[in-house]
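Chain B: place on chain A using the hints.
Line order of the protein sequences matches chains A and B. For the first sequence, my numbering gives the first residue as 89, with consecutive numbering after it. For the second sequence, my numbering gives the first residue as 89, with consecutive numbering after it.
Please note that a few of the clues may not be correct.
A pair holds if it fits inside one copy or across any two, identical chains being indistinguishable in the list.
To be verified - Derived SDA-like pairs: lysine to any residue, alpha-carbon spacing no greater than 20 Å straight-line:
#1 K373 to D327
#2 K373 to G256
#3 K373 to P331
#4 K103 to D395
#5 K274 to L406
#6 K274 to E407
#7 K148 to A187
#8 K373 to V297
#9 K386 to G229
#10 K373 to R255
#11 K373 to G330
#12 K386 to G220
#13 K148 to L390
Simulated from the structure, these hints should not be mistaken for lab results.
2 protein chains.
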Amino acid sequence: MRILITGGGGFLGQKLASRLAGLGAVDNREISQIVLADVQEPAEVPSRVPVRAMVADISKPDDVARLFEQAPDLVFHLAAVVSGAAEADLDLGLRVNMAGTLNLLNAARQSAGSTGRAPMFIYASSVAVHGGEAPQTVVDGVELNPQSSYGTQKAIGELLLQDFSRRGLVDGRGLRLPTVTIRPGKANAAASSFMSSIFRDTLQGNAAVCPVSPDFPVWHTAPRTVVDNLIHATTIPADAFGPNRNLNLPGRTDTIGDMIAAMTRIAGPEAERRIRWQPDPAIEKIVMGWRGHFAPHKALSLGFSADRSFEDSVRFFLEDDIETPQGS
Amino acid sequence: MRILITGGGGFLGQKLASRLAGLGAVDNREISQIVLADVQEPAEVPSRVPVRAMVADISKPDDVARLFEQAPDLVFHLAAVVSGAAEADLDLGLRVNMAGTLNLLNAARQSAGSTGRAPMFIYASSVAVHGGEAPQTVVDGVELNPQSSYGTQKAIGELLLQDFSRRGLVDGRGLRLPTVTIRPGKANAAASSFMSSIFRDTLQGNAAVCPVSPDFPVWHTAPRTVVDNLIHATTIPADAFGPNRNLNLPGRTDTIGDMIAAMTRIAGPEAERRIRWQPDPAIEKIVMGWRGHFAPHKALSLGFSADRSFEDSVRFFLEDDIETPQGS
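Chain A extracted, bound-state conformation (with noise of 0.2 Å):
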């Protein structure tokens, strides 16, 4: 089984490789190549699995035919001009996250046309493909009513999957992840890049501003929990999903002030001190136009993951991501 993973250098799709060339195996077929393709050369990952580095514009049609010489057998496609770029540049936002999907699609699409099989197609939605006029909490069949150009562009995206899909060019499943935190790496253009940096950059002596109050409510999911969702989809049928290949994941609702009450349980209270307090309208707009609380009835059905505890996010960021240890 040959693996594409786009956004194959961010944090997510650092660690999906690390956990696949790990497996060896997907659904019970053995991976023989991971091709990590990225805007940037993505830095190399740890492997007994052939793992190759491609630099790719996936807005680039013939960028995006390179990435499918091989014939990938399944696709994580995690690429994206994050929310707050998407926001200050339109243009941008619809040439990566719109035009880049359609250009993935249509290339699996061609690839399925040569070989005789739809490859698989795992994409990445966002919570913020909701908002508007969705309840406060969001259920599954909610008209995607995003109040962002990223959200947008997501749920334009997953409609060309499931149209893509219900065609029969590709098997594609559409994930919507809540808010991942604790991040690794930088802070990013992403509005909801403070929800990683008050922990991350907090938990290894650095301060970080937090641009909402204590009780703003957060749907969120640790990076561990996503990689193993994204790994689940794979060995799910593709009739389970019935006529809509999207769903919203599974996650958790805490308010930013229990999230650092549950980082101080474990690590103490110094992160805390180092959070500074001052609200940004630019990022509320944003993430205010978001919903806090989710009932994914169809994922917990499908057997994905839920997040337990906030904590267990604290412990798996110390455990995997952590570089500077507090007070070192």
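Using the frame of chain A, we list chain B on its own:
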């Protein structure tokens, strides 16, 4: 006020233009010009208001730029590759229904950039956006889960319209049209084409084929009602739409059998005898993916009109559209 109508050569574009020309004003603003754009030269519309016909392919940005040279204040975007054709040719549908709509929105955005006024943009969406996991009676706020490429592309247009409106680039209003019957003119590649031909053609002495059974429920609206509602959409304050510029228009649910009985009550028993009943799995697959029952509360609260009876629709057809009366 300058008005641009895409799909201006279609039956709806022609009827809308005639009505606007007759009114001479929209929302108390005098109409100075109507541009009718279509891929083939639109027919002339008798009018005191200057009406200009333009040939343009909306999938080509240069063609679209020409349509916006005179900075229309109000755009009715009716042009589309219809359902059967979009199902037969995925790329054509994506090019016209998805990229074409984006081209128009981008041209409107550029126009807003130079004039300082975001054009009003009325978008004809469709009942075809609903299906799949949607409940049997579609209420407002239901996830769009189209089961056709046409419905998918219309839903993508809605998302783009909403995002461009949220950003203040256009003042968008997206209306999901029920099946429009009785349409004048010729049969087309829409899967719903039979829903007009079994009335239109038989009332004019010709045969027609019905590919579904008499108990098939149709969510429908008359051309006259659609024109009423397209124009009503221009009179609603933007704020009244809230965070979602797209809505289900009112219509009526009747079974094919009830509609035929209504035709017989108005026009006598001859027409029904010209219907041949012949199942067509390809058409059934598309139209049975749609929904026949709706509860369009938001549209009703915003003052959009519902059809009162299918008898009315038959009368409207006889008054407005018949070319060869039955028995002549």
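Of the hints given before, which are not true for this structure? 13
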